[in-house]
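> For reference, the chains in residue letters:
There are 2 protein chains.
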Amino acid sequence: MSGFGAGSIPGAGALAVDRWARMAWSRIVEPETVLVRDAIRDHGAVESMQRLLGGSLAPDGRYDQRITVLDIDQARRALDRLQVRVVVPGDDEWPLGFDQLDVPPICVYARGMCELSVTEGSVAIVGSRAATHYGLNVAADLGEGLAHRGVTVVSGAAFGIDAAAHRGALAGGGPTIAVLARGLDRAYPQAHEGLLREIADDGAVVSELPLGWAPYRQRFIARNRLIAAMSVGTVVVEAGLRSGSLNTAKEARKLVRHVAAVPGPVTSVQSAGCHKLLRETDATLVTDAAEVLDVMGRLSLDAVGLARAPVTPESDLDPVARGVWSAVPVRTPADLAKLQLLTALDSTTLLSVLGRLTSLGLVVRVGERWRKVPASRQ
Amino acid sequence: MSGFGAGSIPGAGALAVDRWARMAWSRIVEPETVLVRDAIRDHGAVESMQRLLGGSLAPDGRYDQRITVLDIDQARRALDRLQVRVVVPGDDEWPLGFDQLDVPPICVYARGMCELSVTEGSVAIVGSRAATHYGLNVAADLGEGLAHRGVTVVSGAAFGIDAAAHRGALAGGGPTIAVLARGLDRAYPQAHEGLLREIADDGAVVSELPLGWAPYRQRFIARNRLIAAMSVGTVVVEAGLRSGSLNTAKEARKLVRHVAAVPGPVTSVQSAGCHKLLRETDATLVTDAAEVLDVMGRLSLDAVGLARAPVTPESDLDPVARGVWSAVPVRTPADLAKLQLLTALDSTTLLSVLGRLTSLGLVVRVGERWRKVPASRQ
Numbered sequence: 000m001s002g003f004g005a006g007s008i009p010g011a012g013a014l015a016v017d018r019w020a021r022m023a024w025s026r027i028v029e030p031e032t033v034l035v036r037d038a039i040r041d042h043g044a045v046e047s048m049q050r051l052l053g054g055s056l057a058p059d060g061r062y063d064q065r066i067t068v069l070d071i072d073q074a075r076r077a078l079d080r081l082q083v084r085v086v087v088p089g090d091d092e093w094p095l096g097f098d099q100l101d102v103p104p105i106c107v108y109a110r111g112m113c114e115l116s117v118t119e120g121s122v123a124i125v126g127s128r129a130a131t132h133y134g135l136n137v138a139a140d141l142g143e144g145l146a147h148r149g150v151t152v153v154s155g156a157a158f159g160i161d162a163a164a165h166r167g168a169l170a171g172g173g174p175t176i177a178v179l180a181r182g183l184d185r186a187y188p189q190a191h192e193g194l195l196r197e198i199a200d201d202g203a204v205v206s207e208l209p210l211g212w213a214p215y216r217q218r219f220i221a222r223n224r225l226i227a228a229m230s231v232g233t234v235v236v237e238a239g240l241r242s243g244s245l246n247t248a249k250e251a252r253k254l255v256r257h258v259a260a261v262p263g264p265v266t267s268v269q270s271a272g273c274h275k276l277l278r279e280t281d282a283t284l285v286t287d288a289a290e291v292l293d294v295m296g297r298l299s300l301d302a303v304g305l306a307r308a309p310v311t312p313e314s315d316l317d318p319v320a321r322g323v324w325s326a327v328p329v330r331t332p333a334d335l336a337k338l339q340l341l342t343a344l345d346s347t348t349l350l351s352v353l354g355r356l357t358s359l360g361l362v363v364r365v366g367e368r369w370r371k372v373p374a375s376r377q
Numbered sequence: 000m001s002g003f004g005a006g007s008i009p010g011a012g013a014l015a016v017d018r019w020a021r022m023a024w025s026r027i028v029e030p031e032t033v034l035v036r037d038a039i040r041d042h043g044a045v046e047s048m049q050r051l052l053g054g055s056l057a058p059d060g061r062y063d064q065r066i067t068v069l070d071i072d073q074a075r076r077a078l079d080r081l082q083v084r085v086v087v088p089g090d091d092e093w094p095l096g097f098d099q100l101d102v103p104p105i106c107v108y109a110r111g112m113c114e115l116s117v118t119e120g121s122v123a124i125v126g127s128r129a130a131t132h133y134g135l136n137v138a139a140d141l142g143e144g145l146a147h148r149g150v151t152v153v154s155g156a157a158f159g160i161d162a163a164a165h166r167g168a169l170a171g172g173g174p175t176i177a178v179l180a181r182g183l184d185r186a187y188p189q190a191h192e193g194l195l196r197e198i199a200d201d202g203a204v205v206s207e208l209p210l211g212w213a214p215y216r217q218r219f220i221a222r223n224r225l226i227a228a229m230s231v232g233t234v235v236v237e238a239g240l241r242s243g244s245l246n247t248a249k250e251a252r253k254l255v256r257h258v259a260a261v262p263g264p265v266t267s268v269q270s271a272g273c274h275k276l277l278r279e280t281d282a283t284l285v286t287d288a289a290e291v292l293d294v295m296g297r298l299s300l301d302a303v304g305l306a307r308a309p310v311t312p313e314s315d316l317d318p319v320a321r322g323v324w325s326a327v328p329v330r331t332p333a334d335l336a337k338l339q340l341l342t343a344l345d346s347t348t349l350l351s352v353l354g355r356l357t358s359l360g361l362v363v364r365v366g367e368r369w370r371k372v373p374a375s376r377q
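Just so you know, the protein sequences line up as chains A and B, in that order.
Position 150 (the first sequence) corresponds to 149 in numbering that gives the first Met the number 0; numbering is contiguous.
Position 231 (the second sequence) corresponds to 230 in numbering that gives the first Met the number 0; numbering is contiguous.
Hints are supplied without guarantee of correctness; some may be wrong.
Heads up, the list lumps identical chains together, so a pair's fine if it works in one copy or across two of them.
[Stated by the list, open to error] Under the rule of at most 25 angstroms between Cα atoms (straight-line distance), these lysine to any residue pairs were calculated in the SDA-like manner:
no. : residue 1 : residue 2
1   : 253       : 34
2   : 337       : 317
3   : 275       : 290
4   : 249       : 296
5   : 275       : 296
6   : 275       : 147
7   : 275       : 148
8   : 253       : 215
9   : 275       : 132
No wet-lab data here; the hints were simulated from the structure.
Next comes chain A alone, as it looks inside the complex:
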C-alpha cells in the first residue's frame, strides 16, 4: 500500500519528538512487536515513524487502519486531562529493568505520585484471581509487611491475590504500583476503580497500552513481563497449575530476578502452582515479609545492575550530605521546601545532594518528594 503523509494526522508535528513518536507507536502496534523493536533500536522512534508513514516499514499495510484513526492532538489532550504522563527511555524514572526485556515497552503510561524507577528496589506479589481466604490473607500480610519495611509492592490490580497485595501495601503505609493490561482510562475490573485511585495517590498505575485499549489475553501475557521487570523479584502467593502468575514468575526467572513462592496445603489446587514452582525450579519458599526481604536482599539492586551501597554508607558522606540525609524522613516523603527549611541550603545545592544520595541508594525520590531508604534496604 502507498504511504500516508504525516500531514494527514492531527498533531503530526509532535512526531518529530521521541516521546510523542513513541506514544504514536504505542497506538499503532501491539506490545512485543519485534519488527518495530528492531526499527526503533536501529533508527529511533522518530525516523521509524517516518518510514512507517512513508510506506517503507510495513508495506503490507497492516497498520493502515490504526494510522488512519491516529490523532496525536486528541491523545495528548486526553492524557493531560487524566493526568497521565508518557514515560520513555532516557527519562529519569524509566525503569532500567525494561531495557533487559527481550522486547521492551516502546513507552509506558503512568499516573500517580511515585516515580517508576522506585521499582528498582521493589517486589512483585502476584497470584490467582480465584484465591482462597488463606491466600488473600497471606497476600495482604506480605503486602503490608513489605510496605512497612519500605519496599514498594508491584502487582497487576486483578481480583484475588493482586488486589489483596495492593491493599496490604496501602495498609502498610507504602506506595504500591499497579501494572495494567489495558489503557489507564478503562475500568477493568470495574470494582477496582476505587482501589486504583488509592494506589495512584501515593504510588502509580502503569500500562504500556494507550488510553482506550481493552484487555485481551495476549496483552495480559505481555503485561506480566513488565511486572517482572519492575521488581527485584516476584513472589507467587497462590496459583493454580495454569495461573498467569506462573508466567510472571517465568519472566522474572528469564530476567535473573529472584522468584519466591508461598506454600499452602497440598490438598489445595490454588497452591499447586506454587508447589510446582518450588519443586521444579530454584524458586525459594517464603512464609512472611521478612523472608521475602531475606531472599530478595541477596539479589536486590545487584540484579538490575546497580551498585550496592556500602554497609554503613552514611558514615562516608561529607558533612553537608550527612546533614541532608539526616533531614530526609524515613516514612512520609518530604518536598523540596520542607527540606530547605530543615537544611538551610539553596535549592541547587540541595537538589544536587539529593541526587547524590539517591544514586547511593540512601534516599529514594517519590515524585517531587524524597524519603530515606530504610537501613535494611541499603
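Add chain B to chain A, keeping to what the hints say.
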C-alpha cells in the same frame, strides 16, 4: 575397680559368640558410645567383652553396676518368649545403612515377618506428635500411596504423624517398620500396642535397646539415626521448629539420603519446621506419594551402595530363573514349599535362584518368604 570374672555372669559361655557378646554389650552401654564402638571395631565384640570383664577397657568401673545384673540366660529366654531376634552385622538382614552411621548400633532387636534389609528400598515418614488433622491425613495418604507402590514405610510409632504413616501403610497393604526408642517389651505409647502388633504381623518392630529399657530423651535422639539409616530417604510431614523429626532429617542428610518435606499453610506452626527445611536446606517439596517416589527414585538403591537393576531385568534371565521369577507373587510373599510346588525345582536350586533374583533386585525376601519387587521399584 578390679575386673569381673565372666564366670559370675549367668550364661556367660554364650559370650564367646559374637551375637550374644553384642547382645550383652547392648545391655551395658547406651547407644552411640564411642569408646565401645572403637573397641568392637578394633578387637571385635567378644574380645572387647573379655577386656571389659577383665577390667582393662573401662577401669573407672562405670559399667560395673550393669555388669552385676547381667544375666545372659534370662535375656535369651525373654527374647525367645517374645519371638524377638537379635540382628548383628554379617546377618543377611543387617541393613547396610547401619554401617554408614558414625556410631552403628551394636545389634538391633527385631520382631516381625519382615527382614530388616528390606529397608534398603524403603522410605521414612516422620513428623510431630502434636499433628494437625491436615498433617495426619497427608501422612496417612503418603503411607498408603507408598505401600501401594511396594515401598516399605519406616517410622517411629509415635503419636501423630508416625502412627498415621504406619496406619496408612497398613491400609495400603504393605509391610511397615517401626523403630522404637525403648525395649520391644515396653508399652509406650501404651495406646499403640495394638498398632505395633499389626505392624509386626507383616512388617517389623525394631530397637537397638534391649528388653526392659525405657525411652529417654537421648535414646529418642539416637533412635532417629536408625530411621534415617533404614531408608533411602526421609519425608517430614509436619514439624514444629523444635520437632525431633528435624533431627531425623538432619541424620538423613548426613547419610546422603534424600530429604523431602510436605508444605502446609504458612500460618500453621506445625508446618514451620517443614518450611524451614525447604527454605534452608536442599530438601525437596513433595505433595503426594508419586512425588516422593520421583525424588527417592533419583537416589534409591544407589544411595546405599547397591547396584541398580537393568530397566527390563527379567528379560536377561535364563529360563529357569525366569520361571522362578514368574512364580513369585507380587503382593503376598510365598514360602519355599509354595514356590517348589509352582516351579518343580529342588530346594537347593530354588534357594540359589531366589538368592540371585534377590541380589538383582527383582525379588525381595521377607522372613522365610519371597515376593516380587514391583516394576516401578526395580
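> Next, verify each hint and record whether it holds.
Right, here's what the structure says about each hint:
In this assembly of identical chains, the alpha carbons of residue 253 and residue 34 lie at most 25 angstroms apart only when taken from the same copy (21 angstroms versus 55 angstroms across copies). For the identical chains of this complex, residue 337 and residue 317 are intra-copy neighbours only, at 21 angstroms inside a copy versus 92 angstroms across copies, given an alpha-carbon limit of 25 angstroms. Taking identical chains as interchangeable, the C-alpha atoms of residue 275 and residue 290 lie at most 25 angstroms apart whether they share a chain (20 angstroms) or sit on different chains (11 angstroms). For the homomeric pair residue 249 and residue 296, the shortest alpha-carbon distance inside one copy (20 angstroms) is at most 25 angstroms, but the shortest distance between copies (27 angstroms) is not.
For the identical chains of this complex, residue 275 and residue 296 are neighbours both inside a copy (24 angstroms) and across copies (18 angstroms), given an alpha-carbon limit of 25 angstroms. Proximity of residue 275 and residue 147 under a CA criterion of 25 angstroms is satisfied inter-copy only: 24 angstroms between copies versus 30 angstroms inside one chain copy. Proximity of residue 275 to residue 148 under the C-alpha cut-off of 25 angstroms is restricted to the inter-copy arrangement: shortest distance 22 angstroms between copies versus 29 angstroms within a copy. In this homomeric assembly, residue 253 and residue 215 come within 25 angstroms of each other (Cα to Cα) only inside a single copy, at 23 angstroms, whereas the closest approach across copies is 52 angstroms.
Taking the closest pair of Cα atoms, residue 275 and residue 132 come within 25 angstroms of each other both inside a single copy (21 angstroms) and across two copies (24 angstroms).
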